[in-house]
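Model the full structure from these sequences, guided by the hints.
Protein chains: 2
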Amino acid sequence: MNEPNYEARRGKLIKKFREAEIDCLLISGVSNVRYLTGFTGDSSWLFLSGQHQILMSDTRYETQLEAECPGLDVEIRDASSTILDMSAKLILKSKAKRPGVEGDQLTVSQYAALESRLTDSPAKLIPTSGLVERQREVKDKYELEQIREAVHIAERGISVVRSSLRPNQTETEIRYLLEASMRDFGGTGPAFEPIIGVGPTAALPHAHAGMRLVSEHPVLLVDWGAQNHSGYRSDLTRVFITGKPTKQIEQVYKVVLAAQQAAIKAIRPGAACVDVDRIARGMIADAGFGKFFGHGLGHGFGLDIHESLRMSPLSKQTFEPGMVVTVEPGIYLPGKFGVRIEDDILVTTQGCEVLSSVPREFEEAFVPFLA
Amino acid sequence: MNEPNYEARRGKLIKKFREAEIDCLLISGVSNVRYLTGFTGDSSWLFLSGQHQILMSDTRYETQLEAECPGLDVEIRDASSTILDMSAKLILKSKAKRPGVEGDQLTVSQYAALESRLTDSPAKLIPTSGLVERQREVKDKYELEQIREAVHIAERGISVVRSSLRPNQTETEIRYLLEASMRDFGGTGPAFEPIIGVGPTAALPHAHAGMRLVSEHPVLLVDWGAQNHSGYRSDLTRVFITGKPTKQIEQVYKVVLAAQQAAIKAIRPGAACVDVDRIARGMIADAGFGKFFGHGLGHGFGLDIHESLRMSPLSKQTFEPGMVVTVEPGIYLPGKFGVRIEDDILVTTQGCEVLSSVPREFEEAFVPFLA
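Respectively, the protein sequence lines represent chains A and B. Counted the way this note's numbering counts, the first sequence spans residues 1 to 371. Counted the way this note's numbering counts, the second sequence spans residues 1 to 371.
In case anyone wonders, no lab produced these hints; they're calculated from the structure. Think of the CB as a built atom: it goes at the ideal place given N, C-alpha and C, for glycine as much as any other residue. Some clues are possibly wrong.
Claimed, not checked - Some chain B residues judged to face chain A by a derived CB distance under 10 Å, without partners named:
#: 1; residue: Ala67
#: 2; residue: Gly71
#: 3; residue: Ile76
#: 4; residue: Lys97
#: 5; residue: Val108
#: 6; residue: Thr172
#: 7; residue: Asp277
As the list claims (entries may be wrong) - In the BS3-like style, the derived pairs of lysine-lysine whose C-alpha atoms are separated by at most 25 Å in a straight line are:
#: 8; chain 1: B; residue 1: Lys141; chain 2: B; residue 2: Lys89
#: 9; chain 1: B; residue 1: Lys89; chain 2: A; residue 2: Lys316
#: 10; chain 1: A; residue 1: Lys316; chain 2: A; residue 2: Lys16
#: 11; chain 1: A; residue 1: Lys336; chain 2: A; residue 2: Lys12
#: 12; chain 1: A; residue 1: Lys141; chain 2: A; residue 2: Lys16
#: 13; chain 1: A; residue 1: Lys265; chain 2: A; residue 2: Lys316
#: 14; chain 1: A; residue 1: Lys124; chain 2: B; residue 2: Lys124
#: 15; chain 1: B; residue 1: Lys16; chain 2: B; residue 2: Lys95
#: 16; chain 1: B; residue 1: Lys291; chain 2: A; residue 2: Lys89
#: 17; chain 1: A; residue 1: Lys95; chain 2: A; residue 2: Lys15
#: 18; chain 1: B; residue 1: Lys244; chain 2: B; residue 2: Lys254
#: 19; chain 1: A; residue 1: Lys291; chain 2: A; residue 2: Lys316
#: 20; chain 1: B; residue 1: Lys247; chain 2: B; residue 2: Lys291
#: 21; chain 1: A; residue 1: Lys291; chain 2: B; residue 2: Lys89
#: 22; chain 1: A; residue 1: Lys89; chain 2: B; residue 2: Lys316
Below you can see the structure in the form of structure tokens.
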């Protein structure tokens, strides 16, 4: 069992202050605060400087903070002041000249309100971008253990769903069974609202589960994940064949799978995300389905279901050991059906490891007692 | 059955442009976009000017948009461009000189990225605050119907939980039973993660349900709500007495209830939120529990569980007919127990209407077959 080392994470972040040309940092993103402190609530911001590490929160969380963040300095406000007031006071007290804020998290209004509290002081706010998010891209041992568990819970859940499939089940029934099964295996909730689509609904990459019956179409798409007890997530997609598939279904399935496998094979330290995206996108285009694959190839995940690492034609990042990323090409034929196959990948020192092991071959996608 | 009139909502918003000194508005808040268009996805922004109403989205949502937003102009991007690129193009094409953005929604980084795409143009971005959020504070007939339904679903759910209570149930078991029951009555999910706290856990205003047993302490606090099929929410809290209460439990319960009832009685058009907050806060302080009530008295809700209307010592708003708000005073005794009683209130032309009807008197809080 690894334990999270929040102090080490904060120490690593503080070492980046010089390069970012800031002398302290106000961390307001809720998952960033959790990553750096272990605190599971919201409405709480972390102030970090070389001298001080202070979590600002309110009376609702006073007792919870003692349990979750022992040893961390905490300042508590009641309903008569705001977190912006507290933040400004800490910045002024620290005498920081270049206090950093999280530009990807703070809203324009919050920034202006904070700035207005610092007039007539030498402090000049510096918006930073992705400081904590980039650190979170590379997972530590504790995080990888949590993510493996979230994958495991998702896999156990889908195996219950698969073995329970009936022709008269609705997408919504499947969604609730899947969520309940993942809880039974220790998940604290779905990683996101599961996407369950039969036939034409599967052609909507982000469909809400509705009232279509499994028996309406041979394609059933399930995009799901679990959240484990410490908030880490998994994200998988499988297509099940629940009836006699057309030639087109088989063709589309095999193109998507081949594109996915080729992309995974290309993932290794130093590989550019844009190049891996191009491999899958190119194979789908070569098969004549280019305009039916419009989203990115994959994304980082962890405490959030979408983290900053992205694989798309616009990506500028390269892979490093310890990064985790989804690989999820898809082909969506409007009004007909859609296929997406998604796995969770860990970048290793040598190449990569596929964390998820739900069968994905076309022949394995059949649900025998149905099809 | 009332139907939502998205066009009328957009028309009402556009009429505010002159006062806000903007000639168009980029709406990026996900619930604001839903409120103005009916679109239930994310990652999609709405551009509104006197001449054009365009929803910018991506290929994942192409088919869904046709179903959810018929008649609305839609622009779709693929993975090779960003929503900021699209937004800048629309602003430039509109020749707007003072394009408004949502300062409470856009991040500092998004603002800077958009601004950098408009250099060498006459367009000067204007951060606005609360334009859509303030419009959403007053609910229309359709919205009130949805909120009433969300309250109804929550009430049916808690009645199942109450009648199923057993001494050996854990907080977590209660949470899942409550969530499942609300689904059975038509909810699409909980309005937020339900807070289920026994004894000392009830003293944490925002606790996660854990493994405490109902039988561990006579106080069981449940803070829950439902989300209905169109995304509207409810938000209620009740305390159940599941064993022999101490005198202090009875005293605290009655102080909280009296404070809540007095506050509700003061809600009417023209009343200042700060004054209603002061009534409840004063009564709790007079009873000697002032330092054990640190959060605000209540908040608006609807598509979001926390909307911009707030009752706290810092509030500057006054009530108008059609607003809905929670009233939820509490007293939290660390290590011992907590009591919060919360109802959903609609401001009417004459005064207010309590939308929720779960019994709240002390005598009614007993679960007879347990206590």
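Status of the hints after comparison with the structure:
no., hint, in the structure
1, Ala67, "9 Å, holds"
2, Gly71, "19 Å, violated"
3, Ile76, "8 Å, holds"
4, Lys97, "19 Å, violated"
5, Val108, "4 Å, holds"
6, Thr172, "9 Å, holds"
7, Asp277, "8 Å, holds"
8, B:Lys141 - B:Lys89, "36 Å, violated"
9, B:Lys89 - A:Lys316, "23 Å, holds"
10, A:Lys316 - A:Lys16, "20 Å, holds"
11, A:Lys336 - A:Lys12, "50 Å, violated"
12, A:Lys141 - A:Lys16, "21 Å, holds"
13, A:Lys265 - A:Lys316, "19 Å, holds"
14, A:Lys124 - B:Lys124, "23 Å, holds"
15, B:Lys16 - B:Lys95, "19 Å, holds"
16, B:Lys291 - A:Lys89, "22 Å, holds"
17, A:Lys95 - A:Lys15, "19 Å, holds"
18, B:Lys244 - B:Lys254, "16 Å, holds"
19, A:Lys291 - A:Lys316, "23 Å, holds"
20, B:Lys247 - B:Lys291, "20 Å, holds"
21, A:Lys291 - B:Lys89, "22 Å, holds"
22, A:Lys89 - B:Lys316, "23 Å, holds"
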